[in-house]
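Line by line, the protein sequences give chains L and U. Per this note's numbering, residue 1 is the first one in the first sequence, and the count goes up by one each step. Per this note's numbering, residue 1 is the first one in the second sequence, and the count goes up by one each step.
No lab work stands behind these hints, which were simulated from the structure alone. Wrong hints could be hidden among the right ones.
As the list makes no split between identical chains, a pair holds if one copy fits it or if it spans any two.
Listed next, the in silico EDC-like pairs over lysine to aspartate or glutamate satisfying Cα-Cα at most 16 Å (straight line) [to be verified]: (1) K51 to E311; (2) K51 to D148; (3) K49 to E192; (4) K17 to D148; (5) K76 to E242; (6) K308 to E279; (7) K300 to E311; (8) K304 to E279; (9) K51 to D36; (10) K24 to E41; (11) K319 to E41; (12) K319 to E37.
Number of protein chains: 2
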Amino acid sequence: MQTILSPEDYIKGILQKDRIILSKAITLIESTKKEDEAIAETVLQACLKTKNTSKRIAITGSPGAGKSTFINAFGKLLLDNKKSLAVLAIDPSSTISKGSILGDKTRMEDLVSNEHCFIRPTASNNHLGGVGRTTRETILLCEAFGFDYIFVETVGVGQSETLVKNMTDLFMLLLLPNSGDELQGIKRGIMEMADIILINKSDGENNVAAKIAATQVKHSLHLFSASEKEWITQVLNISSLEKTGLDTLQKEIDSYFLKMESTGFLKHNRNQQDLFWFEESILQELQHLFSQNTSIQSVKTSLKEKIKNNEITAVNAAKFLVQKFMEK
Amino acid sequence: MQTILSPEDYIKGILQKDRIILSKAITLIESTKKEDEAIAETVLQACLKTKNTSKRIAITGSPGAGKSTFINAFGKLLLDNKKSLAVLAIDPSSTISKGSILGDKTRMEDLVSNEHCFIRPTASNNHLGGVGRTTRETILLCEAFGFDYIFVETVGVGQSETLVKNMTDLFMLLLLPNSGDELQGIKRGIMEMADIILINKSDGENNVAAKIAATQVKHSLHLFSASEKEWITQVLNISSLEKTGLDTLQKEIDSYFLKMESTGFLKHNRNQQDLFWFEESILQELQHLFSQNTSIQSVKTSLKEKIKNNEITAVNAAKFLVQKFMEK
Chain L
1 MQTILSPEDY IKGILQKDRI ILSKAITLIE STKKEDEAIA ETVLQACLKT KNTSKRIAIT
61 GSPGAGKSTF INAFGKLLLD NKKSLAVLAI DPSSTISKGS ILGDKTRMED LVSNEHCFIR
121 PTASNNHLGG VGRTTRETIL LCEAFGFDYI FVETVGVGQS ETLVKNMTDL FMLLLLPNSG
181 DELQGIKRGI MEMADIILIN KSDGENNVAA KIAATQVKHS LHLFSASEKE WITQVLNISS
241 LEKTGLDTLQ KEIDSYFLKM ESTGFLKHNR NQQDLFWFEE SILQELQHLF SQNTSIQSVK
301 TSLKEKIKNN EITAVNAAKF LVQKFMEK
Chain U
1 MQTILSPEDY IKGILQKDRI ILSKAITLIE STKKEDEAIA ETVLQACLKT KNTSKRIAIT
61 GSPGAGKSTF INAFGKLLLD NKKSLAVLAI DPSSTISKGS ILGDKTRMED LVSNEHCFIR
121 PTASNNHLGG VGRTTRETIL LCEAFGFDYI FVETVGVGQS ETLVKNMTDL FMLLLLPNSG
181 DELQGIKRGI MEMADIILIN KSDGENNVAA KIAATQVKHS LHLFSASEKE WITQVLNISS
241 LEKTGLDTLQ KEIDSYFLKM ESTGFLKHNR NQQDLFWFEE SILQELQHLF SQNTSIQSVK
301 TSLKEKIKNN EITAVNAAKF LVQKFMEK
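Bound-form chain L, shown alone (with noise of 0.2 Å):
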């Protein structure tokens, strides 16, 4: 028999750092069920009024770009260094019931023991709520728990990014050094992103194809317009394997956060985020009353058949549908 948690359990829980309520917790909102909505609510609710500041940085980079095993590397020194951290990993194309795991738990050895480390997947897209919903409120959790820093992980494959982007303070991209082939795979639309990109497996017989590598990187940035926020695309050879360059990008990663901190940019952002998050949310919850309106459903069908064969024109049968959804 399992014991139900009220939210009152779970908001102390998580800010009493018990890491089992907080894996309940994440469930709780991923849940589907009817009752648990209520309770997440509360729960969120509370998170929102704690005053925790995490770091959150998005991670991307093309499948093989090694993302587990520069987190594993990258995390170690953050925990060396006293910090908490947690991985959240997002599969763009399942559904937590799916259970795909891409953070690669046997590539991140050397934090899955760790206690001051949490490892989780989140699933970008839920039936109830929308894309995105899930992971923005396990962010949430995370943060009352407390981590120092938040990675979100995702495959830099181009349809989870911008989401990612708007619930992350920093864009943190992964490529390999193939000269050359550096873009091979990454849309351009992710490289204007990223406020800091790292050429990974800089070390052994790689590092001159790295470090022309970085120049290329460097000088197709130049074709981009500067960003809003007065921040200069860092571009930085690492290696996960021989653990160089990490130490830069810590630096380089704080000097980020204090200027964003003291422009007031972070703060702003945040905020835009969140207004981003209720226009979305608005829509997503009026498509989603509207689909489950099932009596708007057949009409709908067959106004579809009427556009094919040229009967009607999309706006015309997209008001008619709309007027049938208003009058019940």
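Once you've looked at the hints, dock chain U against the given chain L.
Structure of chain U alone, referenced to chain L:
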């Protein structure tokens, strides 16, 4: 005193290729008056049913790439070949009421006086009906009129390109021959959308630079994944001034349409576009009704304040607001 036209007057006029009526019909669909809306709907419904198939071509490029001069030169070639042409110029930054004309008629001197050519500015934004609506509907009217080609001209700064991509069959990008800088100002996402890329001003002393630019563009396109429709983006050197490369361009366009018709992509694509606009229009209509609801707006403002002060999550605020909306 102005004569008020009936829906039948509009429809008859358009089908009889009366350019003045076409102009008036476009003004009608741009109108935000309630009484015009019903007439516009009837006219559009009738136009939908005509079986004409214009070649819908998006033409984009940075300011200064020579779009108007190109359209004049290429349009003249088409007219000389007994084809008819509508040129719709989208200004992303202004609504029609501001009267901004992107398609510079003074640079289209060979087209303006030709009875088989129709030039019209169009707004990408309209406070009724949302982004892109009037342009799409203008395309419908022009197609019913029976133009062989419909050019939709837009500035390649990344705001309206996705929209235009979603209402045309072929996407054409104009670049300048400045070797090395040829990508400047053009977002990579726009490069990726292009079916045909034209290096304009490939003439006189630009000739060598233009060839190099073409090679560089071809090279950089290799970094992108192949398009689903099995078409390799063509990169052509042209000169609007010396009228070189334009015959080749017409052949490329023809072979594109031949191929896309034979594979069924053209029809499939238009159908997908319609369904895309249907979904978009549903959202726009829901948003429209939502924003029209004044009592909701004051609640929304106070919720934004609460979000800013971390008193409520974006999701909960949205749920609360939408609930209020549906109660009315």
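Please list, smallest to largest, the hint numbers that this structure does not respect. The structure conflicts with hints 3, 9, although it agrees with all the remaining ones.
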